[in-house]
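J.: Chains as they are written, first to last, in my numbering: chain A, 1 to 99; chain B, 1 to 146.
These aren't lab readings, by the way, just hints derived from the structure by calculation.
You can take every hint at face value.
Have a look at the derived ranges for each label pair, beta carbon to beta carbon:
| no. | chain 1 | residue 1 | chain 2 | residue 2 | range |
| --- | --- | --- | --- | --- | --- |
| 1 | A | A26 | B | E123 | 38 to 48 Å |
| 2 | B | E123 | A | G58 | 18 to 28 Å |
| 3 | A | Q37 | B | L137 | 16 to 26 Å |
| 4 | B | P51 | A | I63 | 23 to 33 Å |
| 5 | A | S90 | B | I26 | 52 to 62 Å |
| 6 | B | T119 | A | Q37 | 35 to 45 Å |
| 7 | A | T93 | B | K138 | 19 to 29 Å |
Keep in mind the model is a prediction, meaning the values are calculated, not measured.
Every residue, glycine too, gets a C-beta built ideally from N, C-alpha and C.
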Amino acid sequence: MTISPIAALAASASDLPTAQLEAQRARIPFSSWLSGQVQQVNDRLSQADMLTRQLAVGDAPSIHQVMIALEKARLSLELLVQVRDKALESYQTLMQMQV
Amino acid sequence: MNIYSIFDVSAAGMSLERMRLEVSAINLANADAARGPNGAPFTPLQVVVRPGAPAFADLLQGYSSGNLAGAAPTGQIERSDAPPREIYEPGNPAADARGFVSYPGIDPVSEMVQLISITRAYEANVSALNAGRQMALKALQIGNGL
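Pulled out of the complex, with its shape left as it was, chain A reads as follows (with noise of 0.2 Å):
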């Protein structure tokens, strides 16, 4: 007697979400996009500084949320940095371009 292997769901692709990711996207200019991600950063670098404060006055909740908040907002801003640094790259390329 054979068992035969359990078969993979047949979704189709405009079940998923990502379909309807893309299509949001596709509607959503890259500036604006771009400045909702700084503005979240900027929120993830705000809350590290209350709860650094909260530690400092001793009503932080416990010292692995104040580390954790500071680890994800360096993480944030690590990936904006490296983001920027990608954007400028291919605008430099752009204009070093011979016209």
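Given chain A's structure and the hints, the job is docking chain B onto it.
T.: This is chain B only, laid out in the frame that chain A set:
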């Protein structure tokens, strides 16, 4: 999947270990509390850990939506039903008619072992978080090497 969900899961684990540490500290501090306000010894506490109850949609999609925070464990402080230790101390004002004093059913040795286990579990959570962070930082270096 979102890298921050790893952070949230590890944070939940760390909060849980902190709660267990607090309960162990309370138990150790009250190990000799023989007579409370109602005449009974201190009731030992324990943390009961329950697995997280993920949302139905997350279960259905096999966590593919990246929302792992629902799978984080939750802890609840409950009274332990360990019987009190009875020690013969006829001179103690808290002694009963037979001369025995009821101390809370707390074993300081097993509480100390518990402390070691809590510390190691906390460290394991920190290690998992650091691994996730390291992976994210490495991913940000993609394309930088010449």
